[in-house]
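Peer 1: Residue numbers (the working numbering), protein chains in the order written: chain A, 231 to 355; chain B, 9 to 398; chain C, 113 to 614.
Some hints here could point you the wrong way.
Unchecked claim - A short, non-exhaustive set of chain A residues, derived as facing chain B with CB atoms under 7 Å: (1) Gly233; (2) Ala236; (3) Phe305; (4) Met306.
Worth flagging that the hints you see were computed from the coordinates, not collected in a lab. Think of the CB as a built atom: it goes at the ideal place given N, C-alpha and C, for glycine as much as any other residue.
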Amino acid sequence: MDGLFAVLIYTGVLVGFVITNLILTHIIGPTKKTAVKQMPYESGMDPVGDARQPFDVKFYLVAILFLIFDVELLFMYPWAVAAYKGDGGVPAELSSTVYGVMLVFFGTLAIAYIYAWRKGVFKWR
Amino acid sequence: MSWEFFLVTLITIGVAFGGLMGTIAYLILVERRLAAFIQDRYGPNRVGWAGLLQPIADGAKFLLKEDVIPGYVNKTLYILGPSIAVFTAMAGFAIVPFGPVDQAPSWMRFVIAPDVNIGMIYIFCVGSLGVYGVILGGWASNNKYSSLGSMRASAQVVSYEIPLGMSIIGVVLMTSSLSLNDILMHQAKFGILGWNVWTQPLALLIFFVSALAETNRLPFDLSECEQELVGGFHTEYSSMKFALYFLGEYAHIITVCFLTAILFFGGWQFPLIAEADSAYLGATLVKVVVLLTKVLLIILLIMFIRWTIPRFRFDQLMNLAWLGLIPMAALNILVVMTAKQFDWPIWTLPLGSLAIFVAAGLIGTSGKFIVSDQTVDFGESPEGYAHVHS
Amino acid sequence: MSQPDAAMISSVTSAAGKVIPELVLLGTVCINFLVGPFLVTPSGRALPGLRHRWGGIAIAAICTALYLWWTGSTEVVTTGPFRVDNIVWYVRGVMLIAALLLVLVNWSQIEDGKAAESHACLLAITAGVNLVALANDLTTLFLALELISIPTYLFLFLPRKDAATQEAGVKYFLLSVFSSAIMLYGFSLIYGMAGTTDLPAIQTALANSNQTPVLAILGMVFVVAGLAFRLTAVPFHFYAPDVFQGSAASGAALLSFVPKLAGFIALIRLLEPVVDAAPGLLLADVMLPMLWWLSVITMFVGNFLGILQNDLRRMLAYSGVAHVGYMLVGLNVGHHTTSVPDGIEALLFYLAVYGLMTIGAFAVLIAAERDNKPLETLDQLAGLHRVRPGLALMLMVFMFSLAGMPPTAGFLAKLNLFFAAWAQGDVSNRWLALFMVINAAMGSWYYLRVVGAMYLREPLDEHHGSHAPAPIIASVACTAMVITLFFVPTWLWTMVQTVRSS
Numbered sequence: 231m232d233g234l235f236a237v238l239i240y241t242g243v244l245v246g247f248v249i250t251n252l253i254l255t256h257i258i259g260p261t262k263k264t265a266v267k268q269m270p271y272e273s274g275m276d277p278v279g280d281a282r283q284p285f286d287v288k289f290y291l292v293a294i295l296f297l298i299f300d301v302e303l304l305f306m307y308p309w310a311v312a313a314y315k316g317d318g319g320v321p322a323e324l325s326s327t328v329y330g331v332m333l334v335f336f337g338t339l340a341i342a343y344i345y346a347w348r349k350g351v352f353k354w355r
Numbered sequence: 009m010s011w012e013f014f015l016v017t018l019i020t021i022g023v024a025f026g027g028l029m030g031t032i033a034y035l036i037l038v039e040r041r042l043a044a045f046i047q048d049r050y051g052p053n054r055v056g057w058a059g060l061l062q063p064i065a066d067g068a069k070f071l072l073k074e075d076v077i078p079g080y081v082n083k084t085l086y087i088l089g090p091s092i093a094v095f096t097a098m099a100g101f102a103i104v105p106f107g108p109v110d111q112a113p114s115w116m117r118f119v120i121a122p123d124v125n126i127g128m129i130y131i132f133c134v135g136s137l138g139v140y141g142v143i144l145g146g147w148a149s150n151n152k153y154s155s156l157g158s159m160r161a162s163a164q165v166v167s168y169e170i171p172l173g174m175s176i177i178g179v180v181l182m183t184s185s186l187s188l189n190d191i192l193m194h195q196a197k198f199g200i201l202g203w204n205v206w207t208q209p210l211a212l213l214i215f216f217v218s219a220l221a222e223t224n225r226l227p228f229d230l231s232e233c234e235q236e237l238v239g240g241f242h243t244e245y246s247s248m249k250f251a252l253y254f255l256g257e258y259a260h261i262i263t264v265c266f267l268t269a270i271l272f273f274g275g276w277q278f279p280l281i282a283e284a285d286s287a288y289l290g291a292t293l294v295k296v297v298v299l300l301t302k303v304l305l306i307i308l309l310i311m312f313i314r315w316t317i318p319r320f321r322f323d324q325l326m327n328l329a330w331l332g333l334i335p336m337a338a339l340n341i342l343v344v345m346t347a348k349q350f351d352w353p354i355w356t357l358p359l360g361s362l363a364i365f366v367a368a369g370l371i372g373t374s375g376k377f378i379v380s381d382q383t384v385d386f387g388e389s390p391e392g393y394a395h396v397h398s
Numbered sequence: 113m114s115q116p117d118a119a120m121i122s123s124v125t126s127a128a129g130k131v132i133p134e135l136v137l138l139g140t141v142c143i144n145f146l147v148g149p150f151l152v153t154p155s156g157r158a159l160p161g162l163r164h165r166w167g168g169i170a171i172a173a174i175c176t177a178l179y180l181w182w183t184g185s186t187e188v189v190t191t192g193p194f195r196v197d198n199i200v201w202y203v204r205g206v207m208l209i210a211a212l213l214l215v216l217v218n219w220s221q222i223e224d225g226k227a228a229e230s231h232a233c234l235l236a237i238t239a240g241v242n243l244v245a246l247a248n249d250l251t252t253l254f255l256a257l258e259l260i261s262i263p264t265y266l267f268l269f270l271p272r273k274d275a276a277t278q279e280a281g282v283k284y285f286l287l288s289v290f291s292s293a294i295m296l297y298g299f300s301l302i303y304g305m306a307g308t309t310d311l312p313a314i315q316t317a318l319a320n321s322n323q324t325p326v327l328a329i330l331g332m333v334f335v336v337a338g339l340a341f342r343l344t345a346v347p348f349h350f351y352a353p354d355v356f357q358g359s360a361a362s363g364a365a366l367l368s369f370v371p372k373l374a375g376f377i378a379l380i381r382l383l384e385p386v387v388d389a390a391p392g393l394l395l396a397d398v399m400l401p402m403l404w405w406l407s408v409i410t411m412f413v414g415n416f417l418g419i420l421q422n423d424l425r426r427m428l429a430y431s432g433v434a435h436v437g438y439m440l441v442g443l444n445v446g447h448h449t450t451s452v453p454d455g456i457e458a459l460l461f462y463l464a465v466y467g468l469m470t471i472g473a474f475a476v477l478i479a480a481e482r483d484n485k486p487l488e489t490l491d492q493l494a495g496l497h498r499v500r501p502g503l504a505l506m507l508m509v510f511m512f513s514l515a516g517m518p519p520t521a522g523f524l525a526k527l528n529l530f531f532a533a534w535a536q537g538d539v540s541n542r543w544l545a546l547f548m549v550i551n552a553a554m555g556s557w558y559y560l561r562v563v564g565a566m567y568l569r570e571p572l573d574e575h576h577g578s579h580a581p582a583p584i585i586a587s588v589a590c591t592a593m594v595i596t597l598f599f600v601p602t603w604l605w606t607m608v609q610t611v612r613s614s
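Chain A with its partners taken away, still in its complex shape (with noise of 0.2 Å):
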């Protein structure tokens, strides 16, 4: 639990930083509005619309994926810290099944993966 309070004061001092740092500035710069200024920068040019459209949906499929292959990993973690750790980890008579297990798991990964990937989810178009 020491170590998580070391990170509570840290965070503590982080959070001061970017607040003092934000201040600071908005103190000790100058502050001059005009018109222009306050557009949109678009080389130059009069914005045309709003920039909030609705995005590609591709970038969706980006996030389920993502959401789908993190779970996984997330998966992956205890498994990787206890599987070969000895006393304390997997047991040696189980140390095979968990073997076997993972295998089907990467199995079931890759038969996934082939389907996405067959399916053109990964085609970035």
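We have chain A already, so just place chains B and C on it with the hints.
Peer 2: Quick look at chains B and C alone, frame taken from chain A:
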């Protein structure tokens, strides 16, 4: 929680934080000088001797410039963006040991948060929060360049998160621990031959490439590529807020270089002068210097890469992650777990890495097996970019 | 952390051996997903007739599973991640046969290019239902329930690509996710109370304490609410008619039976300590009235709204709601009766019969489809006995069975439930029995309306519908079983009765 612990923590934070800030300031100078050297020009050499006071001048300028908040932005998120970016990048450093933890002096530890046994997971957790800084900043700016840049950045960071995490699993399997210090000690025990780079070369490659992409460095800085997107997600930022984004990026780079040095290059271990059992006077200092030298070399490597390799195209970037790095990382895990399960001799691991690498290279280059299906149609219509947000 | 003992280790290493029929199904699922996309072009076109091969493979897999189920060991196992007992044996049989019928129903509903995925989803759902019965652990139970829901979203979405199907798919997806979340929240509360995810341990903890923590009761209520979504019990039924109406007939057939089977098995597993409880158990004092009201409201609402429907699938959806109300009676009565039949047995019998008649009804509706467009209103059935007398006859049998009239199995199933509720002796249960009779009478109105439309009205046009063999085979098989079960109910009844002995 004793007062001593509190004080020691504060001192450690002071040392680490000050060191980090100073390093970042001078790294920017180094990068600019290096860029100038590679491009055969001078670079900043006016302020102080050989430009050594340049970072201080830069810092002062950032503070004194006008803090513009444009009229069309979402103010809260606009301010939150750079704050999150710098916060997450810095927070990741909390569990990175920057010296021999077990030989630390009594008034200071060599790691801000000791004994955090979830080490790597903490770093990935905090690191992946960094994408919020980019996406919030880009969206809040209400600028088309910023929006595009932040969309790209989020897709990229999110994609490379997976190979980054997967490449570590091989190392974790070897060590059975997520704590960085345990991983370091595990390598230091066996001397220079114990470094993970010998057993996990492929993991190192994947980790390093993904880390470059995570930090939005060239050749993966699609989110801020000047030719297309002006400044990318930070087009609308100025003065200190802009500086915070920069700080965040460089803090991220430093953390990543520390990780590379510790996970794959034995941390502070070096033959003869800094072994696990060397306890001569000043050994601690030598170890710190060794580690920092390794980190510096890796940072210099990243800077050289920046000026050597041209930027990827976005579809190439995504294909590299999804069709290249992720399967390779998964196969690498498979090789490591099989070797561990059946007690294969240690030299089979680099051989396995090499086999995967060669196989991936053959599949990727020969024939149109993967490439044709995935990229050719894009290559024929590069105007696809123009419709990215239509 | 304590080191696990030998029994625990062997229960883990031998776990795979207990689910061999399910492994066969899931292996086939993997093959379908691996090979399927390589047989279609990236734009989704495939050789005509590909669906027959995938259908054949699905049937082969289910038949293998059936063979393994029939010849497999019936040794009772109560430790480890899976539990094997007679309920498992019964559910496996019912679900595998239902899956066989559903494959036939689905056969002509799906395009060639999507047949692999569709049949794979069906097999995964089948395995999921079996695993719900096998689950001996909250985690396994939740995973099994998700193994049913996630393929179901796909299964609803795959057959057609019009706005109605997509709306139905999205609606079901959102509500199902919502219900999963509620249920998971309940699981976490129960886990927090019992400190274990092992179901037998949780049941002992629940059955032994007279001061059940309020949070555990709350958790149980959440779980029942989450499962009630799957059962389409009122007030969680509202999505059913819309989804049934929007999705293809095969999707509706699946939804009308499979989630209900899974939901009831999960409820039986979770509520065993409650329904068998000695009086005075706090948990039972809360849960039993809740189940009672759930049952009564579900019956009445289902039948009232069913009467008002003109759309065939909406009507069948409400009919399903009403039948869930009847089956909840069985759960209410529970095991604790010395007389034959007891509540759970009657419920299990009813589940099997209900599956036969509802899947059969949908099979007939598919066989009577015109131009690959699903039948919608009652008018489209008008005069069916002139055009397709066989189909009309079979649909009449199913309608009689759903209404609970002899000579069909539906009559016996209702009779069983009635006797179980009546013979148990509690006043509240006798009221349930009475309500059931009233509702059966109310329900026959809209079932008989279908029969009337088929036999008493003239056909609107001379359209013969499709002559694809698969749905006709399914409906003939269902008809045969529904009628046989009326005359020789003992073979199913003996199977059901083995459940009590375990």
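Peer 1: Each of the hints needs a verdict: does it hold here or not?
Peer 2: Here's how the hints hold up against the structure:
no.	hint	result
1	Gly233	holds (4 Å)
2	Ala236	holds (4 Å)
3	Phe305	violated (11 Å)
4	Met306	holds (5 Å)
Of the numbered hints listed earlier, the single one contradicted by the structure is hint 3.
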